[in-house]
Amino acid sequence: MITLSHYLILSAILFCIGLYGVYRRKNLLLLLFSTEILLNAANVGFAAISKFYGDLTGQMFAFFIVAVAASEVAVGLGLMIVWYKRRGTLDIDTLQSMHG
Amino acid sequence: MEHMETYLYIALFAPLVGSLFASLFADKPKMLVTGIGTSTLLFVSWVSSVVLLMHVYHGDVVHVKMMDWIHAGGLYIPFGFVVDQVSATMMFVVTTVSTVVHVYSIGYMDHDRSFNRFFAWLSAFVFSMMVLVMSDNFAGLFIGWEGVGLCSWALIGFWYERESASWAANEAFIMNRIADLGMLIGIFLVYWNFGSLQYDVVFAQVDGMDATILMMTTAFLFIGAMGKSAQFPLHTWLADAMEGPTPVSALIHAATMVTAGVYLVIRANPLYSLVPEVSYFVACLGAFVAIFAASMALVNRDLKRIIAYSTLSQLGYMFVAAGLGAYWVALFHLMTHAFFKALLFLGAGNVMHAMDDELDIFKMGGLSKKMKWTMIMMTLASLALAGIYPFAGFFSKDKILEVAFAGDHYILWAILWFTAGLTAFYSFRLVMLVFFGEERYKIFGFHPHEAYRYMLFAMSPLAILAVIAGFFEHDFIHLVSYALPIEEYEVSHTVFWILVVITQGIALGGIALAVYKYSHGGFSKKWEETFIYKLLFNQYYIPKIYDEYICKPYAEISTIMWKDFDLKIVDATVDFIATSIYKSGMASRVVQSGNLSNMLRWMGVGLLILLVAAILYSPVR
Chain G
-15 MITLSHYLIL
-5 SAILFCIGLY
5 GVYRRKNLLL
15 LLFSTEILLN
25 AANVGFAAIS
35 KFYGDLTGQM
45 FAFFIVAVAA
55 SEVAVGLGLM
65 IVWYKRRGTL
75 DIDTLQSMHG
Chain D
431 MEHMETYLYI
441 ALFAPLVGSL
451 FASLFADKPK
461 MLVTGIGTST
471 LLFVSWVSSV
481 VLLMHVYHGD
491 VVHVKMMDWI
501 HAGGLYIPFG
511 FVVDQVSATM
521 MFVVTTVSTV
531 VHVYSIGYMD
541 HDRSFNRFFA
551 WLSAFVFSMM
561 VLVMSDNFAG
571 LFIGWEGVGL
581 CSWALIGFWY
591 ERESASWAAN
601 EAFIMNRIAD
611 LGMLIGIFLV
621 YWNFGSLQYD
631 VVFAQVDGMD
641 ATILMMTTAF
651 LFIGAMGKSA
661 QFPLHTWLAD
671 AMEGPTPVSA
681 LIHAATMVTA
691 GVYLVIRANP
701 LYSLVPEVSY
711 FVACLGAFVA
721 IFAASMALVN
731 RDLKRIIAYS
741 TLSQLGYMFV
751 AAGLGAYWVA
761 LFHLMTHAFF
771 KALLFLGAGN
781 VMHAMDDELD
791 IFKMGGLSKK
801 MKWTMIMMTL
811 ASLALAGIYP
821 FAGFFSKDKI
831 LEVAFAGDHY
841 ILWAILWFTA
851 GLTAFYSFRL
861 VMLVFFGEER
871 YKIFGFHPHE
881 AYRYMLFAMS
891 PLAILAVIAG
901 FFEHDFIHLV
911 SYALPIEEYE
921 VSHTVFWILV
931 VITQGIALGG
941 IALAVYKYSH
951 GGFSKKWEET
961 FIYKLLFNQY
971 YIPKIYDEYI
981 CKPYAEISTI
991 MWKDFDLKIV
1001 DATVDFIATS
1011 IYKSGMASRV
1021 VQSGNLSNML
1031 RWMGVGLLIL
1041 LVAAILYSPV
1051 R
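For the protein sequence lines, the chains are G and D, in the order given. Take -15 as the starting number for the first sequence in our numbering and just add one per residue. Take 431 as the starting number for the second sequence in our numbering and just add one per residue.
Next comes chain G alone, as it looks inside the complex (with noise of 0.2 angstroms):
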């Protein structure tokens, strides 16, 4: 039987899958890649509690967010190119232009 916790513990698993890519990446390819699998965490979680509430609101809530992953997309691949045809390359720490 496949309960609630189920849902969430997969979440839970996509989520920290994805907050390990957002640390250790250092290409910022992946690191979009690693942010679209922390949104679909969320996603999984809200579709989940939606059902299990029988309330439409989190699974509308996910579209939302799958739209806003969507044009977050597009944009930044768009800004990666530019980024990439400029510097040659996506290293993060080649982005660094302060010395704080």
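Heads up, some of the hints might be wrong.
[Claimed, not checked] Sample of chain D residues with no beta-carbon within 12 angstroms of chain G, all distances over it, derived:
| no. | residue |
| --- | --- |
| 1 | 433 |
| 2 | 890 |
| 3 | 927 |
[What the hints assert, rightly or not] Beta-carbon label-pair distances, calculated as ranges:
| no. | chain 1 | residue 1 | chain 2 | residue 2 | range |
| --- | --- | --- | --- | --- | --- |
| 4 | G | 58 | D | 1001 | 56 to 62 angstroms |
| 5 | D | 1031 | G | 63 | 20 to 26 angstroms |
| 6 | G | 71 | D | 1001 | 50 to 56 angstroms |
| 7 | G | -10 | D | 1006 | 54 to 60 angstroms |
| 8 | D | 1006 | G | 69 | 49 to 55 angstroms |
| 9 | G | 69 | D | 1020 | 29 to 35 angstroms |
Calculated from the structure, these hints are not laboratory results. Using N, Cα and C, we set each Cβ at its ideal position, and we do this for glycine too.
Assemble chain D onto chain G, guided by the hints.
Below, chain D alone, put in the same frame as chain G:
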């Protein structure tokens, strides 16, 4: 009635206009027009004052409210002015002396490079003094009081490039500040207990007032008066104030400002007459200062300081009269004293000019040949000061002695009587040493000359008043009887004549002793070795005592407070706050590196913190 208001405003504001006009050219080289302009406006003010004096002579009072000033909550203070018989007398005295002094100063300050600045301050002083005497409430009086203090500071320190002058100016200002604190407390007490600062409102309620409150109020107000009128123990500034130009000494430190304390007591007479303890203290202090200051004048060698001590002594006389309830006598002596003392100072100014600002009277002598008119006028003033019939001082001073005797205050009377002798002696010691005897100035290479003729002309009204002012005694009594209690001090006819004769006797004796001694070579040098001479010559060591026991400990405490308290506690606290913020900024600066992976890490930390917070403080739980 309408036009009387106009005269009032003209009398009050003409000096201010003059002052503002002269101040436009304050840093310019000498312009004769500033001197003449201010003098003319002062004369206009004098004419208005005389018109007002005539108007109030038959009992009318001009009372105007110019505008509201402070109106907040229960506090209501209008800018109001009143010309009653007391303030009209004061206005007459102030404008007369200041007009004379202004004209005289055109000659005296002739070669000074700050000629214009001098007139700006001098007229500003007259304006402040007019505010002081014309105000119809304590707040306005206080403003004038501070105004004259400020102008006095600026004029004592007029030659500020001299160390001693700016020191004396600061001394005068600071000592007056100490006394003004007492005065302010007195004014607060008046407001608290009477609910108003208007004279008429306050004085209408005095009868029902608690005796302790009245006593505290009058005592605190008198502290203010002690500072301004340089009574013991706040007297040292007056002698040092002689650093200022001589016309300033004549106007401010003899005729007008220093009498403000006496004016305050006279003005507040409904309060003082209900508190015999304080009044008696006022009288005793006055008598003490009278003899104390006269004794210092006996041996001093400085021309102006001798006259300054005599001013102090005469102020003591006025306080005796005011303290014994004879307010009109105090006012009368204030008036006559203003005339002859201003004359004496202006004469001293002529002598100083002739002697290239030399002040030691032992370097003068025999000046009467060169300066006949100055000699005549100073002798007249000295006769008036000594209280010889028929000069002005006789009438007022004799009245004070009579009041003291009639009130059974025989000790006070004896002190004042003896002081009258001292006064006569030191006045004529000065006259003899300056104008007669051996021409010692020749040894020191001076070439004295008489002052400009118009300066002598300017002095002549004062000379005339110093001679005849006493004969207006009955008119004066009629005038002030509308405003002040006139009590008849009945002594029997015989006693009266005995008093007059013995007072005249000691005064003439003093003069005779001075004339005899100093025309025969003066006192022997042995005197200068005696303890009493040294005591008097060093002003009872009071300046030294103040220096040793007040100024030096104060400076030491200040140093300790500065080094131990201010630097180590106050500054350290402030610095600690500043440096800790600065250091934390330096430490957290690295966060703002612009490195995306670092930022993401911080974001993760923030997320974690928020998550923990959400769990701990979740409302569902």
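>> Hint by hint, where does the structure go against what was stated? Just the numbers, ascending.
In response: none
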